[in-house]
Amino acid sequence: MNAPFPFGFPLPTAFYLTLYVLTLVIHVLFVSYALAGTGYLAAVHFLPGHPSAPRHKGPAAQTLRDWMPLGLSGAITAGVAPLLFIQILYQRSFYTANLLLFHRWMAILPVLIAGFYLLYLLKSRRAAEGPAWRGGALALAAWLCFAFTGYSWTENHLLSLQPGAWPAFFGAGSYFFWTAALLPRLSLWAAGTIPVMALLVCWQLWLGGVGSPAEVRRLAALALLGLLLSALAAAGYGTLLPPGAREFASGGAGAPYLGLALIGWMFQAGIWLTFWSKPDLRPGLLAAASAGALLSVLGMTVLREGVRLASLPVERLYALHEQAARVGGLGVFLFFFVLNAALVGWCVVLARKGGAPEGAKPSPGKEEDFREALERR
Amino acid sequence: MEFPYYPINDFGPAMKGMIIGGLGIFHVFLAQFAIGGGMLMCYFQWLSQTGREPAAREALDGYFKFLVLVSFVTGALTGVGMWFTAIQISPRTIGMMVEEFHWIWATEWTFFCLEIAAGYAYYRHGAGLSDPARMRLLVLYSVAAWFSLFWVNGILSWQLTPGGWAPGGNVWAGFFNPSFWPSLLYRTFASTSIAALVACVVVNAHPRLSLAQRDAVIHRAAHFLIPMVLMPFLGLWYLYTLPPDSRAWALGGSAAMTLFTGVAAGASLFVGLYALIGLNLQRLTINGATATLLLGLAFVATGGGEFVREGVRKPYTIRAALFSNSIKPDEIAELRRIGSVTRDPYPLRDAARYPNDQVRLGAKVFRFQCSVCHTLSGANGLVHLAGTWTPDQMRLNIAKLQQTKPFMPPFSGTADELEALVQMIAWAKAGSPSEWPSSNEIATIVQIDRWLQEAGISPGWYRERKQ
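Protein sequence lines correspond, in order, to chains A and B.
Just so we're aligned, residue 1 is where the first sequence starts under full-length UniProt numbering, counting upward by one.
Just so we're aligned, residue 1 is where the second sequence starts under full-length UniProt numbering, counting upward by one.
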């Protein structure tokens, strides 16, 4: 297969693959915010720095704390679309991995619910104004919940790629799947969330006009660290790839995306270095870093899919994809997709420009707290 | 033919139906609360902004926080959880639903996104917005929530009454199926009722409302219970649209289904009468404890209704397309010829505990054909159901399963597999001894084969109708 992804596949397969990859990219952006964001919050609570300007009361931490429930809600909502398309593309392998991991896999549901409520607790006045360890413990517990979920997805994905191992795994009654690729792959995705989170927070700080040089420099350093770690993990993971997957990445199908991921990585590294040396949030640079991050995430997502496509007998699935593509409803979906996207935009407009009633009281416990906190600083 | 075997998990003494049913009822209740809650909040906003009920605004903001904490978190995640749980219970069922209706689900997802966006916009900024902006956000939220119901309702009702749909056929023929409209309307009014009852609980617990204000707001919320008068008629309409066999299970044909139909109807009736006579006509006050009790009854009614909706589909999970044990009608003949578990690649996890190969084969047959609805000796256990039968009774009853119990699918294996299943049940009934003789009489297998041929491969109800 030498045509760039997804052009080497029959049209229905290419269509669903494209939808899957694009929706997964959006999901990854939200996941990055939630995972790396809670990690950041835990770190700054336990390492608060100078008492006169504790890191956990800085604008970045306040912003993250305030927006984290929405970030996680976005991750879950955005995760529904790729979850739908993966069932069309790889139904049997995906379902089998789910079944094999059984209780271990299903545990992500209560764990995510617990993590979600922890984010609301983290936002509460009691946590914000209490001792740093309290907020740190909440953030760390939430991070553990999300890290467990990420680990479970990685495990599920890797197990789904090894049909030959399924009967023995089932027979052994094991609920944990260990393979050498697990840690580097998990590290790659976990490290990759850091620069994305840093970027999103920088945008929020810029929009709120509250980014201090020290915070920007800290976020830049973190993003650089994330980029470095993700590169190391990618190199480690690359050495463990089966020949077919390596062929995909280096051949006509995957090489353009590998190139995009590398270009995006370098772009981001250059811009974060700039921010580190001159911590002034300029929208042009942020936009360029965003483009770089998108390229990297898109490239890596396609390469991830390439590994799967090289591991499974995908030709046998073409007929199923063709059959799925024949069912009706696409037109209705597209109509409502456009309409509802516009309405989501209108919601944002209403929220920002909806006009305050005369004598309206500010809403307690939300962004007003944040502004007050900033003013106190 | 390549049958798609999946690993089948064991839930111990619990029936798999209990697992998905429990989560499903919980999720449906939360989802209906979110749908009705949106409409109720629009009503409260209107009462507030038109000056008809000044306390409605305070109640609305308190209610909304509760809704966010319950529905946006647990409701959303149990929704995703339903997919994962459905995979655990019956991957072929959820797979077929996704294959046929993925654009409907994708459409529903766009409404879910709108619901989340409007909800969070209101949550973060609602208190500081003008009344028209608040109302617009609430209307967007409630319309999106209701449309989520609209789309999902089409898929769920299709499972029971696919109407003119055929596999790979017109998706809209399946979506707008015979029970679509009664089910949609019934669920809509169930949603408004649940929302009103939750409001009674939340308002009673609101610290900033005086007693008089609470009463006033609760009586406004009680208006959302009035549509309950239509629910009996909608229920009858729904029953009318069901296939005759399914309707029969709910109305006397199956003790469990009839009992749960009665529970759902009785609990709904009690809530409805209290709401109409007590709250709306007599204008009685209702405290938090009573409101919680009524909400509990509404949960029971929801649970009973969902149990019946799931149960009366038997012997199918998708009517006429997929049996409850995930075997398609057109696969039975082949499985009877080659054996249902001959090509099953997944070994028994506890093979050593069985005394011989025949019982091991029986255990695999049980896992493949029976375990989705039965345990061996736990809930709905085969030992309890069939353990007192003589071996010949078991052979006959299982060979002619769809006629023994018309809500059971036909047995889908060879005569040898059936005999192995009989031996496995008898062995379990005997206390799972370490020694157990194999039964290998040719005459027994020939007799089972004859019974299987007599039973045929059509579902029992169809056969009865034909005769």
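These aren't lab readings, by the way, just hints derived from the structure by calculation.
Treat each hint with caution, since some may be false.
To be verified - Below are the BS3-like pairs computed for lysine-lysine, each with C-alpha atoms no more than 27 Å apart in a straight line:
1. A:Lys278 to A:Lys57
2. B:Lys405 to B:Lys429
3. B:Lys405 to A:Lys57
4. B:Lys328 to B:Lys429
5. A:Lys353 to B:Lys328
6. B:Lys328 to B:Lys405
| field | Contradicted hints - numbers only | value | Structure breaks hints 3, 4, 5.
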